[in-house]
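If you're matching them up, the sequences are chains A and B in order. Final position of the first sequence in our numbering is 319; the numbers increase by one with none missing. Final position of the second sequence in our numbering is 212; the numbers increase by one with none missing.
Any given hint might turn out to be false.
As the list claims (entries may be wrong) - Simulated coverage check for chain B against chain A, where a stretch passes if three residues somewhere in it have a Cβ under 8 Å from a Cβ of chain A:
no., region
1, 32 to 44
2, 129 to 136
3, 158 to 165
4, 168 to 182
5, 201 to 210
Rather than coming from a laboratory, the hints here were simulated on the basis of the structure. Note that the structure is a prediction, hence the values are computed from the model and not measured. Where a beta carbon is used, it is the ideal one built from N, C-alpha and C, also for glycine.
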Amino acid sequence: MSTGKQRIDGAAAFLLHAHPYSETSLILDVFSRPYGRLALLARGARRPRSALRGVLLGFQPLELSWFGGGEVKTLARAEWMGGIALLSGKCLLLGYYLNELLLKLLPREDAHPVLYDAYADALGALSRGSAEAAELRRFEKILLRELGYGLALDKEVASGEPVRADRQYVYLVERGAVEARDDEGLPSISGKTLLDLAADDYDDPRTLAESKALMRQLVAHYLAGQPLQSRRVFVELQDL
Amino acid sequence: MSSPSSLDELIEALRCLPGVGPKSAQRMAYHLLQRNPRGAERLGQAIDHALKTLRRCARCNTFTEDEVCDRCASPRRDPTQLCIVEMPVDLNTMEQTHAYGGLYYVLMGRLSPLDGIGPKELGFERLLARATDGVVKEVILATNFTNEGEATAHYLSEVLHARGLKVSRIARGLPVGGELEYSDAATVAQAFIERRDY
Ligand SMILES: [Zn+2]
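Work the whole structure out from these sequences, hints included.
In structure tokens:
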């Protein structure tokens, strides 16, 4: 069957971003569970009485159907599935951060069901307003792993020795943790933080602070110089 | 086929309109030149005139020919209430309700982190100066019930509360005459979550 006639029915998906296209339509950037990130043309979605208006919501589980084979497919149907409360306040801004990471790091048409589930879990947690920082770290870790940049957190890379909670390390991008010496010039990170991060245990405030700094460094590396707009806006809003 | 540069220039200029791609810009250009040169002349003059005479009202941020627009200057409006909307069309809709007699501030947008629209781009400082003029007592947040509108309302409420103002948000729910059966599920869900004592 030619890809030009391909039709997908009822795929679980989230809307990551939308921008206007012509007078009445939208181009959607969606993250679907079975097919990954893709672009969909939503015809007439901006018409005043469009049934899509109350359905195409960010951070909400949707079921989408589409057809077509090119780079931009055509949305045929959209249904709101519910189950995650609307995000609000600070958690809404953090939701944008998650979306921006996916938009900038996840290639199109590459299925990542594990990452999709992690994203849905993170949104669920944000909608309940629970421990946001821990949720972000968990998501960033799975994102990097799914993109093929998994972290080596429990072994010292040079020696292969297990990381020890009472030692200091530095984390080298694409290599892993090495024991800290005075001349590294990188921020040092405690062995306990590395082990906590490996175990997704974020109860210790120091773990939270150090893992945030580490993840920021790693994410910045893979973004290769692209600035994160959502973070800039978030910081500006905190400063008001 | 190459066309004269002034034609290219016109086509390129028309593309600044939202939703106008190269093809529609070309169609518009030929229409103006061929079918309606007088309309084109009028359009050119109107744009020129508007750019020279219109500016932002010092109080509500909408376009006006004066320092302060008629609505903001009207003694019949209650200056202690300030309603914040995203766009001029939202202001018009609020006015059609005849339910509100206070003043407005039009943001000319909403927070949109993924498009790089933050408090600086929206001019939050200017709004804060307006809301804290000492006369305004209550701010009514009437931004849209989209994620962007909600984010905007949330941060405005935080900064306005912090400055001692009473802040309210328009309520969300089913349309008047709306039947559950014909309403979209997300609206009904939110109306349920925000149900009130009755
Ligand atoms: Zn005014």
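Results of checking the hints against the structure:
no.	hint	verdict
1	32 to 44	holds (count 3)
2	129 to 136	holds (count 6)
3	158 to 165	holds (count 4)
4	168 to 182	holds (count 4)
5	201 to 210	holds (count 4)
Consistency with the previously given hints is maintained throughout, with no hint failing.
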